[in-house]
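Colleague: The hints should help you fit chain B onto chain A, whose structure is shown.
For the protein sequence lines, the chains are A and B, in the order given. full-length UniProt numbering applies: residue 1 is where the first sequence begins, and numbers increase by one. full-length UniProt numbering applies: residue 1 is where the second sequence begins, and numbers increase by one.
Hints were generated in silico from the structure; no laboratory data involved. For each residue, glycine too, the CB sits at the ideal point set by N, CA and C. It is possible that some hints are incorrect.
As the list claims (entries may be wrong) - If we take Cβ atoms under 7 Å as the criterion, some of the chain B residues that face chain A in the derived model are: (1) F365; (2) T366; (3) K379.
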Amino acid sequence: MIRETVRRFATEVVQPKVREMDEKEQMDPSIIQGLFEQGLMGIETPSEFGGSESSFTAAIIAIEELAKVDPSVSVMCDVHNTLVNTVLRSYGTEEQKAKWLPLLSSEKLGSFCLSEPASGSDAFALQTKAQKVGDDYVLNGTKMWITNSYEADVFLIFANIDPSKGYKGITCFIATKDMGIEIAKKEQKLGIRASSTCTLNFDGVKIPKENVIGGEGKGYKIAIEILNEGRIGIAAQMIGLAQGAFSLSVPYTYTRTQFGQPIGNFQGMAFQFAEAATEIEAARLLTYNAARRKDNGLPFVKEAAMAKWYSSQVAQSVTGKAIEWMGGLGFTRETGVEKFWRDSKIGAIYEGTSNIQLQTIARFIQKEHSQ
Amino acid sequence: MFRNTLSRSPKCIVSRSSVSAARTFSVTRHHRSEQQLTQIGSLDVFTEEEEMIRETVRRFATEVVQPKVREMDENEQMDTSIIQGLFQQGLMGFETASIHGGSESSFTSTIIAIEELAKVDPSVSVLCDVHNTLVNTVLRKYGNEEQKDKWLSLLSTEKAGNLGSFCLSEPASGSDAFALQTKASKVGNDYVLNGTKMWITNSYEAEVFLIFANINPAKGYKGITCFIATKDMGIEIAKKEQKLGIRASSTCTLNFDNVKIPKENIIGGEGKGYKIAIEILNEGCIGIAAQMLGLAQGAFSLSVPYTYTRTQFGQPIGNFQGMSFQRKENGLPFVKEVAMAKWYASKVAESVSGKAIEWMGGTGFTRETGVEKFWRDSKIGAIYEGTSNIHAHTDVDKDKLRTMWCESS
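For reference, chain A alone in the conformation it holds in the complex (with noise of 0.2 Å):
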């Protein structure tokens, strides 16, 4: 149902946006309010504040679907569901739950801010610094890379109380716009650009002490066990973002004609679509068995990357071949599917790199076959 709900909305109330939104590099508050009006803003949250209550799968559900016709909305509803609703209800106290919950499910948008300047993979070298003053703490520091944030209401940011600590004074605070959050830049990108990518300065931001969220010091951990989760969602954006971009070429060939027979009737075409079709298929299944998994308490972190690291790829081999199907076409940006190309490149990049993803399939090989 989840599925059905959120397929019509992209299509009715997405689809007419895209390249606007795309072309201007903005997203247009009509489809964030329309996201909040379908309950598609706390797909997980308790009902009791707001939520759907749902699982897991059906969050990465609603991010594939989205993705078939918008990445950059897709990735919006990703990173405000699968990170920011899901760091308050797994570390957040009961206040914090039912303050904030509410306000992310109805209509205030979330963003997650962890990248810096000189920390993207190398994530808890950040040195975005959180002095404490008196019971409250005063933010200084730069983020980098923040998804969202130029829409946004509410911030999760990760600064650290205790530098000298390394890492173990990493902690995860939660503030508002008005709190004195500025954005520094905002992004030209090479794709996804309605999703606003900036920079965030915060210059002596006052927090109070209620405000941190699971404790102090506790920074680190939130984020790796959040991250780990994330990165599935970004495996269903890639997912559907491939779906949508074969969707979208196949049917091409078999009207476009050419040599007296429609294109797609080559046998060399049909077995590229043979190919990527199965590709799609074999991510789709790796993407909602790691969900299943984390559904059902089993260890999936391992699952995850492998699911994040091939979605990425496949999302860009299926995307680059629906452009080349639809020859001369697909090169302009009118028919839509060069869009879904150009989107897919973020997919080995954010959310940990393709590099990164691979070392932790690769410390979990080591760690099961070595004595």
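Modeller: Chain B only, in chain A's frame:
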């Protein structure tokens, strides 16, 4: 400028027809005899003239083109001063005879120029490529003396500076190029053109157009004829495409509505268009391979140095073994070897430029550094001047050497 130096050293000049079918991408011919010319040369050895051309183009690309690349891409508009600059530098008549204002250089020199331009901007590269390898070459090979006298200097000299365009594809004929439908009706001694061409590179800025039209559809492809025309004969730009990549290179749909073409504007004779197009595209695809090679190199050279300055986990990310293995796979020697085939070069271009983005992480994904542009630009390599599927098809079925290597005919 190399053009002046050339006129002092005619021994450096080798025309294509004097080289055997096994001629390689580059031949060491400086101070060698005719016999030695037929030996396979090294890919790393070039003549003095070729090295000079490389240096000239590299300087032009770095000093004149580079500062404008991003703006031209964002605006989807070729800066006219760059087109002027190409003419000024003598880069628009490589193989053209000097009596017609050209450099009287080799095909290899053209390839080198296309490659060097693509390292900086594949859009500028393809503009130069189409003008030289398609338009100029058709005139040189198939034009009569009057036509060569009339048109080549317009296309080569700085004074005239006429950009050329090659009009073959149509909405209903891409890969199946010879199913084209533009008609040329004979009216008295002249012809009247009616039809539409699509995906035409350079057409927004061009003055001179080679147009393939059928003078007798009943004869099928045997009626296809090559005409030369100027913009002011009534060629109308119906649409300029908004593209994924090579955005500064204009790609337009053209309409011909009773465009009158005098009989002396037929190139090669009535019904010879099919042969001309086939032969010229076989050469042209090598130009695209050169563009893709330069593109891949440009992306590689932009991204790899960054990985030696960007530190994470306490060291430059380029030092990690995983990264160095990826560099080796995508690296220079490999790319050079496969530059021969357009099909493979386009794959390598896409793969290398794609990796180059990833090596630069988030920074690679922004439009600021210019590395993502190389990836966007690379995709057309698998589509124009013969799709990858078409090359896979022809390379398998036909004489592989003939399709992949430029052969004098």
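Colleague: Identify every previously stated hint that the structure contradicts and give their numbers, smallest first.
Modeller: none
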